[in-house]
Structures are given as C-alpha cells and as structure tokens.
Amino acid sequence: MNDPAVSFQGVANRYPHFNLDNINLDLPIGSIMGFIGANGAGKSTTIRILMGLVHQDRGSVRVLGHAMPEQQVAAKQDIGFVSEDMRLYGAATLGWHIEFLRQIFPRWDQPYAETLLRRFELKSEQKIKGLSHGQRVKAALLLALARRPRLLVLDEPTTGLDPVARHEVLGELMAVLADEERTILFSSHNTLDVEQISDQITFIDRGRIIDSNDKEMFLDRWRRLRLQLPPNAALPQLPGIVDIGGSGRLPVLTTNRFDPAMVSACNDMGATVQAVDTMTLEEIFVANVHSRRTQTAYEMERQEVTV
Amino acid sequence: MFPISVYTQYIDMHSDIVISQSDSRPMYLQIMEQIRQRVAVGEWAPGQEIPSIRQLAVALRVSVITVKRAYLELEREGVILTQQGKGSIVAHDPGLGQRLYDRDLKQHLEKVAQLGALLGLAPEELALRLQEATDKFWAERIVKENV
Amino acid sequence: MNYSMVKRLILKDWYLQRWPILFSLLGGALALAIVAKGGQAGFTLGIILLVTVLVTIGAMLAMNLTVLERKEQTLAFVMSLPVSYREYTAAKILGVLLIFLVPWLAFMAGSIALIWFAPEIRGLIPFIVIMGTEILANTCMIAAVGLISESQGWTITVLMIGNLALNAIGYAVAHIPSIGNGMFRPHLHWSPTATGLLATEVAIICLILAGTFFFQSRKNDFL
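One line per chain: the protein sequences are U, S and B, in this order. The opening position of the first sequence corresponds to residue 2 in the working numbering, with each subsequent residue numbered one higher. The opening position of the second sequence corresponds to residue 40 in the working numbering, with each subsequent residue numbered one higher. The opening position of the third sequence corresponds to residue 245 in the working numbering, with each subsequent residue numbered one higher.
Just chain U, same shape as in the assembly (with noise of 0.2 angstroms):
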C-alpha cells in the first residue's frame, strides 16, 4: 500500500540525438502529478517508458507494483492511456471502439461511458474519422476513463480543446481522484491547468528531471522581490537567488527559497522592499529553466577554461 504508484530510479535513454538522463520519480497512490516541460525535452519519452512502450537503457522502472517494460501486460490491465499523437481507428464508430474495450477490460462500467457520453456530447455511431479534434480528444479520454483505471497518464489531455470542453475534462479527472486508490500522472504545456490540480509537479528540461516538488511548496517558495537601492549600494546577499533583473538602482530579484524573514533583512541591509510578487507556475518554470541552462553554460564555459 505504501509502493508508490509510479516509480522511476536512474532512469536513462540514449538516443542518437537527444539523451534521457537520471530520470528519478516517485508517485504516491491517489495523487496527481503534473508534468511541465518544453517540446523535445523528454516528456514524452518519459511517459513512453512508464507505458513500457520505450526499453530504458539504465535504471529500474516500477509502475503500479511491476516492473517496466517486462511486466507491462500486467500492469496496463490498470492503466488508461491517453496521448497526444495516438489515434483511434477512423473508419470505425466510437460505438465499435467501446465495445472492442469493453470486451478487454472486466471493470468496464458501461453506464459511465454512457454518462461520459452525454456529458462529452457525442455520439456513439458516429464514425471517429467525422469527429473535430476536441471531439476526438474527449473520445479518446471516455474510452480511458470508462476502464477505471488504477493509473491514468495523459500525455497533453486539453491541448486542442476550447475552454468548455477543457473545464469538462478537468471536472472528470478530479472526478477521478474522488477514490483515494488512483492516481493521475499528465504532461500539459498548459501551466494553468497543470497549477490548478496537480498535487505534485515536475519539471523536465533537455532530458533531466529540474525540480520536483509539492505545488504548495512552489508556489510558496517563489517570489520575485522588487528592491530599491540607495546609489552605489551592493545588491543585498539573499539565499536561492536565480536570477536578477531589473536596473542597478532597482533590481528584481527571482528567489526559490522565500522566506518573509527575508523582507526585513533586506531593509536592514538598506534596501526598500517595494513589492514581493508570487509567481505563476509558468513563471516559476520559465525561471528555472533559465536558470539551469545559464549555469550549464556557466559550467561548460568553466570546463574549457580550465581544460
């Protein structure tokens, strides 16, 4: 019961031009993890992985109790898959697909694929190929959900979909979590929605794990510190500082390590406290990922300096 849902230790991938490295994640039962990265930057391939789609090179894979890729027949008897470049089969209805799942999967609650069809607004004889994208989107996610899945991954749930449809979808993954024994873990581009119901997120950037942390604890941890400095004073030495911006007499500080002690050091230190922003969690990204590309730089620029 304590077994994390999800399980990735020293995980890594060797492609010709993009390599996987020290993937390390773990996934609690019942929680959802959200999984920001830029395009290229391995969320995919991570997720790949965690399907048993992809033979990692190095490190050990565990996904609800079995191990990756060997045991993956067992472990997606529990698992709904949904990803953004998968299709279903265009010249059969949706109808057709329902059933053929149905036949695969002893929980299938057909009354649910019925609610999720009502719900969704669509229809099951209609023919897959005559569906928009969001509509194929929503297909693709009842035909996951009405499994009742132990695990869902998503891979890019509401890219595509407008705003009602996407207010729809999350509605029925929390919906989802409603049972303390499952588990969601999605990748999205859409930081909004990723900040609003993940309990945990993770940020990839060129093949590395960058942060993984509770969302409170990012949201809490981040701030942008607006200061103002009398002429000719040092910027004042505060921990977790990523970043400074802003001009010398009025510096804006990025910090991943808030703390409100830190406000009146500052003033002690002789700088005016302006103002001191919270950060949004695209934001939060954005900053570290500048931050980890910048020290890269930094380092690799040390290592020919010194070689």
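Each statement offered as a hint is correct.
Sample of chain S residues with no beta-carbon within 10 angstroms of chain U, all distances over it, derived:
#1 114
#2 125
#3 140
#4 154
#5 160
Subject to a maximum C-alpha distance of 30 angstroms in a straight line, what follows is the list of computed DSS-like cross-link-like pairs (lysine-lysine):
#6 128(U) to 315(B)
#7 463(B) to 256(B)
#8 256(B) to 124(U)
#9 128(U) to 251(B)
#10 315(B) to 130(U)
#11 128(U) to 256(B)
#12 315(B) to 251(B)
#13 251(B) to 130(U)
#14 463(B) to 315(B)
#15 251(B) to 463(B)
#16 315(B) to 124(U)
#17 145(S) to 175(S)
#18 256(B) to 130(U)
#19 150(S) to 175(S)
#20 251(B) to 124(U)
#21 315(B) to 256(B)
#22 125(S) to 107(S)
Worth flagging that the hints you see were computed from the coordinates, not collected in a lab. The structure presented is a predicted model; accordingly, all values stated were derived computationally and were not measured. C-beta: ideal position from N, C-alpha, C; glycine also.
Based on the hints, put chains S and B in the right spot on chain U.
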C-alpha cells in the same frame, strides 16, 4: 423580500464554494476565507459535517494538496476539526479563537496604557505610536501575502 | 502468450479490412467467370485478373496491418492495451496470414474446381498450386518487412521486388519439364519436383514467420 429578477427563478442555486481564478491570492487562502465566512454567517453550523478534503477538491477542481492545506490551517485556527477517517466538521466552538484573541487584545491594551503612563507619554503620543506600529505591521503583512 | 488477446486483435483487423476482402472476393468471382466463358482471350484475361486481384489484396492486407497502423498512429492505441510486443507481432503476422487465407483459399478452390471441370487443362493444377503458394509467401514477406522495418518505403520496395520475382519464378517453374510440359494437358501429374517446390515454399513461409518474431524481439523501442 429581495427583488427577484425574472431570471433568478430559472437559475438553480448551487451551494458549492466558488473560487475566482482571477483572484491573485493563493488558492488555499481563498478556500479558507470562503469557509470562514460560511461559518461566520451561520450557514455551516457548529458541529455540522463539511465536505471531505477530497470531495471539496473534486467539486472545486482544485488539487487535494491545496484543500488539505486550507483545512490544516483552519484547524489550527480552531474553525474546523478533522477526525481521522471520519471526515471534517465545523468546530463546536468556532468563535473560540476569536474570543481568545479578543481577550488577549484587551489585556495587551491595558498593558500599553500602563507603559505609556510610566514613560510619561500623552494619550495623543501614545496613539501615534500605536498608529506607527499598525502601519509597519500591515506593510509587512501585505508584502508577505501580496494581497 | 495471451491467445485470446491475439485473437481479438486479429478479429479487429478482420473487421477493419472487411470491405477490401469482400471486393477481392467479388473480383475473384468475376475473374473466374471470365475464364469460365471460355476461349483463349477469356482464359488469358481471366487469369491475369485473378492473379492481379489476389496479389493486390495480399499486398494491401500486408501493408494495412503493418506500416499503416504506425502511419495512422493507431499503434499507440493498441499498445496501450494489455498486450505485449510479442503478442502484437503474433497478431499482425498471423493476422495477415489468416485473413489472407480467406480470399486465397477461395481463389485456389475456385480455380482448381473450374479447371477440374474443364478437363483439357487439368495438368495446370500443380502449377497453380505452386504459384498460389508463392503468392502466399510473397504476402507474408511484405508483412514481415512492414513490421520489422516500420518503413513504408522499404515495404513498397520489397513489394515491387516480390512482384518481379513472382513473374520470374512463374516463368522458371513453367519451364521445369515435369511441371511445364503437362500444363495444358488433361492428365494431372503431380511430380516429386512439385512436392519439393511446395515444401520449400512452406518452409520459407515458416522461416519468414520465425524471422519476424526474432527481429521484433530485438527491438528496444516498441513504438
């Protein structure tokens, strides 16, 4: 009787808590405020069952961890009680926190008056000092919560 | 190996390919009717049509079940189901074989029956059996390449080579004395050479199947 428009009769009032996305305060603070208000106006009576953390999270489409935080803080303030495995209820005496603070304030103000007299401060000077302290407090508080 | 899952996937492909199969059966029936009408022209035209339809439906099945699934991005959907890569491979390669056998058996039975009742050319039957099995092997080859290479380009290349080979083999077999000499005669002569050729073809089909499983099992990326 409030003037009810022609349209109100067609709108079902749902008793869910409503969160505004455009409100820049942290989500958990919004939730806390909404719950406190319901308790204050009596809509949620002392001892009454309130939605469980998960139920509220699902209803608001907000992460469980955020609701959990709101509930923890409210419990610390004495507004609600969470019983292990049995869900949450409004505290039997949710105003207790308020009354304790009130008693505290009264005692401290008496002390302030005493100290002022000892220092030989005139009442207006004392009032000025109080004003300064209040201003400083609110300046730091605003910075802390970015309201 | 979960046979019920493999069966379900094969039935799924059968359902999705039902119209092409139906049309191929109609095409085959038409071809046989043209042959039955008699005459040199009817015979030649009918045979050409028959072979064309059979080869086409074979290639179509082989491609639709393999590279098309990847191209149409439905592969991710199937692999998200509780199925292993081995079971998927089995469902595909066996699927092509079994589904193709439906029109193939119909065409073979139809042409053999037709010839049987046109006794002047019963000697053609060994040739038909050997070339029919050749088409079967060709279809399996296209499917195998489609699965393993995951590339439409390669598969079409093999398809073309296979077609050319079919013609070349047809010419060669027709010139084997024990088979070719008696082709347009009433006497059915099944020679040891014919048995040998047939056995070789069946062995090749088994080799293709085994090879498919082997190469698929060495892949690290199943998607």
